[in-house]
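Participant: Here the protein sequences come in this chain order: A and B. Note that my numbering has the first sequence beginning at 1, numbered continuously upward. Note that my numbering has the second sequence beginning at 544, numbered continuously upward.
Hint data in this document are derived by calculation from the structure and do not stem from the laboratory. Hints are supplied without guarantee of correctness; some may be wrong.
Only some residues are given here: those of chain A computed to face chain B with a beta carbon under 10 Å [as the list claims (entries may be wrong)]: (1) 49; (2) 219; (3) 226; (4) 262; (5) 323; (6) 353.
Just so we're clear, the structure is a prediction, and the values are computed from it rather than from any experiment. Glycine residues also receive a C-beta, built at the ideal position from the N, C-alpha and C atoms.
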Amino acid sequence: MKRIILVLIALIILVAVLVVVLINKPSLVTPSTTPPSKIVVYAYNDRITGIDPSIEDDTGLVVLGSIYETLTYYDYKTGEVKPRLATNWTSSEDGREWIFRLRNDVVFHDGSLFNATAVKLSIERARDIYRNSGRGAGYIWDALEEVEIVDPYTVKFKLSYPQRVDILASAAYASYIFSPSAIVKSNAANYTDRKLEDWFNSGNAVGTGPYRLVSYDPMREIKLEKFNDWWGWRYINSEKAPDIVVIKIETDPSAQYSGLLSGELDIASSVPRETISNLKKQGFGIIPLPTYHNFVLFYNTKRYPTNITDFRLAIAHAVDLNRVVSEAVLGMGSVASGVLPHGFPGHIEGLTYEFNLDKAREYLKRSGVSTPIKIELLYQIDYEETKKFAAIFKTLMSELGVDVELNGQDWARLKDIARGVWENPEETPHLIVADWWPTIPSPYDYLYAMFHSESKEWNYAGYENPVFDELITKAWEMEGVNYTGALELYKEAQLTLYQNAVALGLWDEIRPFVYSQRVYVPEEALNPMYTFVIRFELVEVRS
Amino acid sequence: MPVSLNYIFKRILLSILVVIGVIVFSYILLLYTPGDPAVKWAGNPRGPEARKAIEIARRELGLDQPIHVQIAQFIYHVFTGNLGLSIAYKVPVSQVITSGFTATLELLIFTYLLAVPLGLWLGIYSALRRGSRFDSFIQSLSVVLASTPTFWLGAIIALISYSTTGFLPYGRVSYKLATSTGFNPITGFYLLDALIQGNYAVFLDALLRIIPPALAISVYPIGVVARVSRTLVAEALLEDYVRSAVAWGVRRNTIIKHFVLKSIIPPVIQISGLAFVYSIVDAMVVESLVFGREGLGSILLDSLHKADFRVTIALAIYLTIFYISVNTIVDIIQASIDPRVKI
Numbered sequence: 001m002k003r004i005i006l007v008l009i010a011l012i013i014l015v016a017v018l019v020v021v022l023i024n025k026p027s028l029v030t031p032s033t034t035p036p037s038k039i040v041v042y043a044y045n046d047r048i049t050g051i052d053p054s055i056e057d058d059t060g061l062v063v064l065g066s067i068y069e070t071l072t073y074y075d076y077k078t079g080e081v082k083p084r085l086a087t088n089w090t091s092s093e094d095g096r097e098w099i100f101r102l103r104n105d106v107v108f109h110d111g112s113l114f115n116a117t118a119v120k121l122s123i124e125r126a127r128d129i130y131r132n133s134g135r136g137a138g139y140i141w142d143a144l145e146e147v148e149i150v151d152p153y154t155v156k157f158k159l160s161y162p163q164r165v166d167i168l169a170s171a172a173y174a175s176y177i178f179s180p181s182a183i184v185k186s187n188a189a190n191y192t193d194r195k196l197e198d199w200f201n202s203g204n205a206v207g208t209g210p211y212r213l214v215s216y217d218p219m220r221e222i223k224l225e226k227f228n229d230w231w232g233w234r235y236i237n238s239e240k241a242p243d244i245v246v247i248k249i250e251t252d253p254s255a256q257y258s259g260l261l262s263g264e265l266d267i268a269s270s271v272p273r274e275t276i277s278n279l280k281k282q283g284f285g286i287i288p289l290p291t292y293h294n295f296v297l298f299y300n301t302k303r304y305p306t307n308i309t310d311f312r313l314a315i316a317h318a319v320d321l322n323r324v325v326s327e328a329v330l331g332m333g334s335v336a337s338g339v340l341p342h343g344f345p346g347h348i349e350g351l352t353y354e355f356n357l358d359k360a361r362e363y364l365k366r367s368g369v370s371t372p373i374k375i376e377l378l379y380q381i382d383y384e385e386t387k388k389f390a391a392i393f394k395t396l397m398s399e400l401g402v403d404v405e406l407n408g409q410d411w412a413r414l415k416d417i418a419r420g421v422w423e424n425p426e427e428t429p430h431l432i433v434a435d436w437w438p439t440i441p442s443p444y445d446y447l448y449a450m451f452h453s454e455s456k457e458w459n460y461a462g463y464e465n466p467v468f469d470e471l472i473t474k475a476w477e478m479e480g481v482n483y484t485g486a487l488e489l490y491k492e493a494q495l496t497l498y499q500n501a502v503a504l505g506l507w508d509e510i511r512p513f514v515y516s517q518r519v520y521v522p523e524e525a526l527n528p529m530y531t532f533v534i535r536f537e538l539v540e541v542r543s
Numbered sequence: 544m545p546v547s548l549n550y551i552f553k554r555i556l557l558s559i560l561v562v563i564g565v566i567v568f569s570y571i572l573l574l575y576t577p578g579d580p581a582v583k584w585a586g587n588p589r590g591p592e593a594r595k596a597i598e599i600a601r602r603e604l605g606l607d608q609p610i611h612v613q614i615a616q617f618i619y620h621v622f623t624g625n626l627g628l629s630i631a632y633k634v635p636v637s638q639v640i641t642s643g644f645t646a647t648l649e650l651l652i653f654t655y656l657l658a659v660p661l662g663l664w665l666g667i668y669s670a671l672r673r674g675s676r677f678d679s680f681i682q683s684l685s686v687v688l689a690s691t692p693t694f695w696l697g698a699i700i701a702l703i704s705y706s707t708t709g710f711l712p713y714g715r716v717s718y719k720l721a722t723s724t725g726f727n728p729i730t731g732f733y734l735l736d737a738l739i740q741g742n743y744a745v746f747l748d749a750l751l752r753i754i755p756p757a758l759a760i761s762v763y764p765i766g767v768v769a770r771v772s773r774t775l776v777a778e779a780l781l782e783d784y785v786r787s788a789v790a791w792g793v794r795r796n797t798i799i800k801h802f803v804l805k806s807i808i809p810p811v812i813q814i815s816g817l818a819f820v821y822s823i824v825d826a827m828v829v830e831s832l833v834f835g836r837e838g839l840g841s842i843l844l845d846s847l848h849k850a851d852f853r854v855t856i857a858l859a860i861y862l863t864i865f866y867i868s869v870n871t872i873v874d875i876i877q878a879s880i881d882p883r884v885k886i
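Next comes chain A alone, as it looks inside the complex (with noise of 0.2 Å):
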């Protein structure tokens, strides 16, 4: 038995000494033959729900970002639209027709042309799956009455009322350009079989983007490589840029942590907001970049005590935002002024309740609502700043002698709940606590979908008022042609909800990306209107 012992000790040592010999010697994990790309892994938040480039419109952004392109690229700091596949464009007098002309030094991924038959498939696929479905983000293309090609180079889009399609060609979603063989490749008769749509979720695409999907696994993780074809090499240095990209599925804030501080994530898009400045002094990067993903308390305008205007009021005066913003998004955000974000076109300032519990007593008084009264408040758990919120949302009321009931819920479930304020109002929260991100950098994305009367998935407010439905629709329509007094007419819209007290404007988060000594990221590789999306044609590896 000794002899076993003896044995046993000899292993344990060996393992401990090969470990600690490989931790210390990675030489001999990697070998010398390895070739010396450039590889960068970027830690993503959330699995992916889909890549087909004219349906996908929710966490697929972050591989459509890098694979496909538009025709225009949203500048989130001057608020312009820049060319990307057209390289110019021009409207018509009553906006219903616009022309854009097309670079003629494109190719896709498998070799094939860009040109505008390309064009007019791919934008009247992602309206037509729309209209025939009501899936994806074709909505956004409702006007569109045809893709008219001119010449190769040339495309005339026909719309049914004004629209600034330059706009909506820059859209996160539903306006990329695939190629069609896409259609031969994947066996479909035409371009809203279901073939195609699989053809493309099963890891096939045929974009023109800077990289190339080599390997897609939804669930763990997205190969991409530099495609050197691609026409925007010229104008970028590409010396420096990743060879490889691999987009790692990493959904626990403290893996990306772990990973970052192990060396296996090169940059990360969700480290807990606590580990930002031990980060820090340990050399990291860190690009805050102000997002267009803001957070709102709507109020059930259908149910008793918050059908009161006053009421709203009362509970909108007596939230300290800027506590809330410290202590519950722990500074990553910025106190919201109404319900666009700050930055995003058509948002305006001064919307921002005062907190002031006088005026807030004072409106609780005139409301006519005895105190103590009970409320829910419906908030998601699945961040951890919703949950903070809830918490301090709760100590404030309760110094107005309003008692409030936490309704915490996943995401799934608060959405079930929510959508009840349409069909049963009386059952549904007094409060509820949701997010936003656009698909097009238009006030009328953030308007219409959380505040319009027909919008009954996401108007959790259960808003109902017909002027503000015709302002923001006439606003839709004049962005097209008159985008000044569109803007108008939105900030009227904006002015109607706040003065109605119909929602609360919480906060518009700043998101902390992390990167690793071994690259760099400069922020013009991040824009919030394409959230999650990083141009890694500008990351420059180091090392």
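Go by the hints and put chain B onto chain A.
Facilitator: Coordinates of chain B only, in the frame set by chain A:
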């Protein structure tokens, strides 16, 4: 032949019935869980036609049918091998589950290859020194090991590993190493795949990363096997045939190898088999929550979170078949090595 065809036939029949039962039970249970699968299938539609999209999705998923029709259709699909596409990810359900399943299974097999021999050795050694301090220590240790929360131990192991060596066992393999060396999983068992491809760098890397979670999960089987084998050996040593052998002057090592070990192996295999299927729960928690490894744990949580009932039920079926298979294999092994057992 200790294993009759009748036994295998009965087991298969039983498995089918159990799988049907699991489908019915899971389906009904999932009706009451949060989330509308139709909303997910439609892709969380945002536009004015969102309701239309959800209604179409409901029809496509068959959720507009009466519940018994839905269940019957699901059972039909399962037995015709067509579980369909994942509701959340639009890829085949089998693809979603298989890679997670192999990841968890690899971790478990590796764990048990270490844990069972070690537990067995501790138990035998302890029984041979019955009443000694070592025996008392091993008995106490086995209780502590069997009752240690694995997720807690896993976190401690990860912390110690990082603070002492600077190495954080994160994930199954280094992505950079795997990508740069052209590692391409074939079976999904990374250690095996790396060996098949002769990619020793990836093999060593995967080995380093599997050891910490395996250590955390191994405490339960080590504790259980040590305790059971100690008791069995202690009992066997008191048996008449052992005492007779001692009286005839047979060498102690020969007695242990040829009489004692032979008698305790079948029950140890049985207990190890039971512990193996039990440990899958530990593995599901530890792998994803502590070590950032892919596996069944994260898939299950995610499918529940995203109302992906196809994946949830398929996972339940996989686990049921796994449980039955392991028990059947254990029975067959037992019958093969113990002539007293007939099945």
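Participant: So which hints don't hold here, by number, going up?
Facilitator: 3, 5, 6
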